[in-house]
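Novice: Next come the chains, spelled out residue by residue.
Protein chains: 2
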Amino acid sequence: MARLVMKFGGTSVADVDRIRNLARHVQREVEAGYDIAVVVSAMSGKTNELVDWCRIASRFYDPREYDAVVAAGEQITAGLLAIVLQDMGIPARSWQGWQVPILTSDAHGSARIADIDGSAIFKGFEERKEVAVIAGFQGLHKETGRISTLGRGGSDTSAVAIAAAIKAERCDIYTDVDGVYTTDPNICPSARKIDRISYEEMLELASLGAKVLQIRSVEVAMKYGVPVHVRSSFSDRTGTMVVGEEGFESVAVAGVAYDKGEAKVQLVRMKDKPGVVAKIFGMLAEHNVSVDMIIQSPSRGGKDTTDVTFTVAKSDLPRAKELIEKTAAEYGSEPVEYDPDIVKVSIVGLGMRSHAGVAAKMFGILASEGINIQAISTSEIKISCIIAAKYTELAVRALHEGFGLDKAPVA
Amino acid sequence: MARLVMKFGGTSVADVDRIRNLARHVQREVEAGYDIAVVVSAMSGKTNELVDWCRIASRFYDPREYDAVVAAGEQITAGLLAIVLQDMGIPARSWQGWQVPILTSDAHGSARIADIDGSAIFKGFEERKEVAVIAGFQGLHKETGRISTLGRGGSDTSAVAIAAAIKAERCDIYTDVDGVYTTDPNICPSARKIDRISYEEMLELASLGAKVLQIRSVEVAMKYGVPVHVRSSFSDRTGTMVVGEEGFESVAVAGVAYDKGEAKVQLVRMKDKPGVVAKIFGMLAEHNVSVDMIIQSPSRGGKDTTDVTFTVAKSDLPRAKELIEKTAAEYGSEPVEYDPDIVKVSIVGLGMRSHAGVAAKMFGILASEGINIQAISTSEIKISCIIAAKYTELAVRALHEGFGLDKAPVA
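Chains as they are written, first to last, in the numbering used here: chain C, 1 to 411; chain U, 1 to 411.
Same shape as in the complex, but just chain C (with noise of 0.2 Å):
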């Protein structure tokens, strides 16, 4: 028999009237005929709620209490779906991540999984045509005999890891939204669903902004090809397939995507001396702040010196500033310049390694709106433009017209 994976989020098992709602998404796939692993998150707010407790109990938490108190919620939402599907006439069981076991690593509050002995799930199946009712987010740690946990978001990725294990047709991430799409349908108005995409383009568009799927889960998907479906829990529709390379013709860019998470940094009129770069940014590193791009030209003005632009997480800023402007005057740098207004503006797409000028057309259009690129970065299927951020509508809206994006691809 088919085995699917079907995933259900913190606001669709909210109470008990929503987990009976999401129940008959279950209930239609049983009676598809597929063998089902429906794996849960906590209640939403159930998980903040015991972290917040945590931290109230002490500043300096043990990891692994922490991971015993969390594991709760997702504990309490599989025990009342399995509830509410036998009170369908569904058999139905729950599963704690120590019961499967799903093993871990000991890495407590982002756990790695290790691995997934999926022969109790298949003897439910087998013997009892049971549902299987899996707590997400929650793993043992095997030599320990401890509760660990996977990190937020993590429910993601114990489903696709599931789904590897019990070799499922494929995976269903029930979600608030009906799919992935070209890019924010609240600043573009013509932003389209996108019925296939691959692996490596989401990663993109989810690093960049696009908040669907946990990154973790669509890693574990490319490494095991497991097909992922992003799709609403609200209607039955089809949502977007997360999928491998094969089998579908590229388009040039698949999405465009923005941040707004980070800062610039430029460091002016620099000493041109071997290793300077190298000296900042290993101390950057070294107090954990990490650095995006980076682009270093020579300056403007002054011979013999350089200009160096950076982005760090706006949310690191005052951890830089402080530690460059300790160390800034040691390597000659006038006053360095910060700015929290800008934007990172990408475009993603796997067509980019076939289609020449793609790049050269993203400027073009970034250009012809006025807008000034202030840095670029580009992968084998990203190309990233830092502008200033009060242009990110005009700038999102100009991309995705000018690639076509607006209309729906020719099959």
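Treat each hint with caution, since some may be false.
Each pair may be met inside one copy or between any two copies, as identical chains are not told apart.
As the list claims (entries may be wrong) - Distance condition first, Cα-Cα at most 20 Å in a straight line; then the derived EDC-like pairs of lysine to aspartate or glutamate:
no. : residue 1 : residue 2
1   : K407      : E337
2   : K223      : E325
3   : K407      : D87
4   : K46       : D15
5   : K123      : E143
By construction, these hints were calculated from the structure, which means they are not laboratory data.
Take the given structure of chain C and dock chain U to it, following the hints.
Specialist: Then chain U, alone, in the frame of chain C:
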């Protein structure tokens, strides 16, 4: 090193501040040199919330899923207390029922403890000087590997059973009151705290309504000879020691209890034929109506007829009425009389075994207050009388004074 079990209930763990407060008791005993296992209940109100969700999910919920859901309450408290203790510099870790493990029967929702393996707890004591914070109320059904719970108030039983398993010197049960009283202080201001009481007396007092300790925990304590110390979580003062009969002079009467939870049923002038009474009580038992006291007497009217009086739980009265009325005609009873306005007043004391005339004295005290006794039942260490509910306070005070319970016992 001497070992100690400390148990804290729902109001003592209602929030993180209260948990921090109870941790001072643990600290005091750590400093006194004990190896300690702390058993905790769910935060007050939490279990009710979880039970309600199960009921909303289905009127006929699976007790195995119910157990998975409600056990989350104790899981949370155990983790939080471990964090708080660590924050105070006391090594501690939480233990779920399945981690210890505490193995139980498969009677989900009201499981009985079958076996506790204390070896992991011991290892924590010896290798890490670690306080074991154990989630009360919950266990593991060995064959199925599923979470079980012991029924409401089960954490007292967890605590006593763990004390037996780790051969603790004592099991301290922290409550809202500072011990067991000679009677209910709310209706008898001269009620005194009892310093020492036997398991047997405690069992009779608990079942009669002095709701300080869960009755099953006293049975377990008696079976394994675990001294139980009932004490207040608001002070460091000694409470009441519940111990074996040996080693203290037993007084004739240790306490006066009352129970308003019963109702009286009177079948008048029934045909006095063999088997009639057995038939009636057989029918009630078959329908799970349990009968407490039974008095049969020749009828005041009619020849060859008999009157039968008995008591049932007030909550069972409507069901009992229905069953009896369906069949009363068959037995020839005249209209059946029901009286919910009664109270059962009892005196309890090991000394009754050796002190003659205790019953006569009780009846005399009630008579001198003009209180009519409607029914009497006796056991080896208890005498109970059914009287009109309006005399409750009067009877309790008169018996309490009449048996000298308002004065401290002579050492």
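Novice: Does each hint fit the structure? Answer for all of them.
Specialist: Structure-based check of each hint:
no. : hint           : verdict
1   : K407 with E337 : neither (41 Å within a copy, 84 Å between copies)
2   : K223 with E325 : neither (43 Å within a copy, 72 Å between copies)
3   : K407 with D87  : neither (45 Å within a copy, 59 Å between copies)
4   : K46 with D15   : both (11 Å within a copy, 15 Å between copies)
5   : K123 with E143 : between (25 Å within a copy, 15 Å between copies)
Violated hints, listed in ascending order, are 1, 2 and 3; each of the other numbered hints is respected by the structure.
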